[in-house]
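**Student:** Assemble the whole structure, with the sequences as input and the hints as a guide.
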Amino acid sequence: MNITKRTIAGTLESCDCLVTVYPDDKRVIILNSVSAVRFGKHLNHLINNTLDDLGLVTGKVEIEDKGALDYCIVARITAAVERGVR
Amino acid sequence: MLGICSLFIPASSPRMINASFSVEADSLIFDLEDAVHISEKDSARILLRNALPLFNGRNIAIRINANDDYWMEDLELFRLGIAHNVVVPKARAEQIKQISALLDDMNADVDIEALIESADSLEELSEICRASKRVRGLLMGGEDYSLDLGVERTRKGDEILFARTKIANVARAYDLESLDTPFSDVQDEDGLMQDAKFAKGIGYTGKLSINPLQVKGIQKVFRPEDKEIKWAQKILDAAGMPENVGLGAFSLDGKMIDLPVIKRAEKTIQRAGIERNVL
Numbered sequence: 001m002n003i004t005k006r007t008i009a010g011t012l013e014s015c016d017c018l019v020t021v022y023p024d025d026k027r028v029i030i031l032n033s034v035s036a037v038r039f040g041k042h043l044n045h046l047i048n049n050t051l052d053d054l055g056l057v058t059g060k061v062e063i064e065d066k067g068a069l070d071y072c073i074v075a076r077i078t079a080a081v082e083r084g085v086r
Numbered sequence: 001m002l003g004i005c006s007l008f009i010p011a012s013s014p015r016m017i018n019a020s021f022s023v024e025a026d027s028l029i030f031d032l033e034d035a036v037h038i039s040e041k042d043s044a045r046i047l048l049r050n051a052l053p054l055f056n057g058r059n060i061a062i063r064i065n066a067n068d069d070y071w072m073e074d075l076e077l078f079r080l081g082i083a084h085n086v087v088v089p090k091a092r093a094e095q096i097k098q099i100s101a102l103l104d105d106m107n108a109d110v111d112i113e114a115l116i117e118s119a120d121s122l123e124e125l126s127e128i129c130r131a132s133k134r135v136r137g138l139l140m141g142g143e144d145y146s147l148d149l150g151v152e153r154t155r156k157g158d159e160i161l162f163a164r165t166k167i168a169n170v171a172r173a174y175d176l177e178s179l180d181t182p183f184s185d186v187q188d189e190d191g192l193m194q195d196a197k198f199a200k201g202i203g204y205t206g207k208l209s210i211n212p213l214q215v216k217g218i219q220k221v222f223r224p225e226d227k228e229i230k231w232a233q234k235i236l237d238a239a240g241m242p243e244n245v246g247l248g249a250f251s252l253d254g255k256m257i258d259l260p261v262i263k264r265a266e267k268t269i270q271r272a273g274i275e276r277n278v279l
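Just so you know, the sequences run in chain order A and B.
Under my numbering, the first residue of the first sequence carries the number 1, and numbering increases by one thereafter.
Under my numbering, the first residue of the second sequence carries the number 1, and numbering increases by one thereafter.
Rather than coming from a laboratory, the hints here were simulated on the basis of the structure.
It should be emphasised that the depicted structure is a prediction, and the values quoted were computed from it without experimental measurement.
Please note: incorrect hints may appear among the correct ones.
Listed below are the simulated SDA-like cross-link pairs for lysine to any residue, each with C-alpha atoms no more than 25 Å apart in a straight line [stated by the list, open to error]:
(1) B:K133 with B:G150
(2) B:K41 with A:D25
(3) A:K5 with B:I38
(4) A:K66 with A:N48
(5) B:K255 with B:G240
(6) A:K5 with B:K255
(7) A:K66 with B:F21
(8) A:K60 with B:F21
(9) B:K41 with A:P23
(10) B:K156 with B:R223
(11) B:K41 with A:L54
(12) B:K200 with B:G240
(13) A:K66 with B:I46
**Tutor:** Given below as structure tokens:
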């Protein structure tokens, strides 16, 4: 699965995250999180696992996290990727 | 069944979803319809699919979309087996039949709560109640109903009085729960209490809510008071005594107790959520 167009999902409100995906020739993850200091390792693991589960091979995934819980991050990535591969 | 107070939560808002973890409403209604912009239906559905497992064991409902293009996809969420009530907006009998048939195909343990929001829905209330054995409740949606009538929505609510009383009456006739329309001014606590008392007084079993701050007040109005519960238990205890069984009426503390009084006592115990073998 490859990202074919730029799309977004989520918001910049607290407890949410804004996920933007773009076409790219490899899989790239950019994470900006208010929780990065404490939970950066966990978040990177979560994001990679989610993209693996979705079968994403190429595309840039940029996440602006405003303190989202895991379920929300997974959901927003899923929505952005599903929109980006349509 | 939704219980006494059911709280709407926008299914597109993680902040509101997170806030609802600790709210002690009798049920939560995750809203995929009016609270979600048309461009965000897919994202809200995905968000809810991921959030629902965190609510396992709670009494959960989902308000699906009225539009055919969306509600079939919304129903897929019931395959998770976590939400056991579907709130059908702008309910019509034919649509209830279709939804019920799809739930049958999914072998889903899901009750249907019909939200009455138009003059057409009100005209076919009995057909809606008979449309499926899954129908467990009628909900009043005052905002859309007054919009459909083309009248202004007021604090007192004279414009929805006919619909309100009819819904409560029909729900009673079909032995369904009935939840009154939400009170939209979250800051007006006195108004909420008056509105809830009025709804209880015309026969509603509970009330919908749009803010966690309204929950306790609604529950206070609709839940029986301790003295009511004690009196009801005393009546049921007395009705079960050998000397009273088979009598059309008997006396208790100087008051005549007959079948309507006993039935009322049974209802009080049910509303209090007390398990008891009723007569």
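**Student:** Hints first: check each against the structure and report whether it holds.
**Tutor:** Results of checking the hints against the structure:
1. B:K133 with B:G150: violated (33 Å)
2. B:K41 with A:D25: violated (30 Å)
3. A:K5 with B:I38: holds (21 Å)
4. A:K66 with A:N48: With a Cα-Cα distance of about 19 Å, the restraint between K66 of chain A and N48 of chain A holds, given a limit of 25 Å.
5. B:K255 with B:G240: holds (17 Å)
6. A:K5 with B:K255: Violated. K5 of chain A to K255 of chain B sits at ~77 Å, over the 25 Å cutoff.
7. A:K66 with B:F21: This hinted pair holds, its Cα atoms lying about 19 Å apart.
8. A:K60 with B:F21: Distance of about 33 Å is beyond 25 Å: violated.
9. B:K41 with A:P23: With Cα atoms ~24 Å apart, K41 of chain B and P23 of chain A stay inside 25 Å; holds.
10. B:K156 with B:R223: holds (23 Å)
11. B:K41 with A:L54: Satisfied, since the Cα-Cα distance of roughly 20 Å is no more than 25 Å.
12. B:K200 with B:G240: violated (29 Å)
13. A:K66 with B:I46: holds (19 Å)
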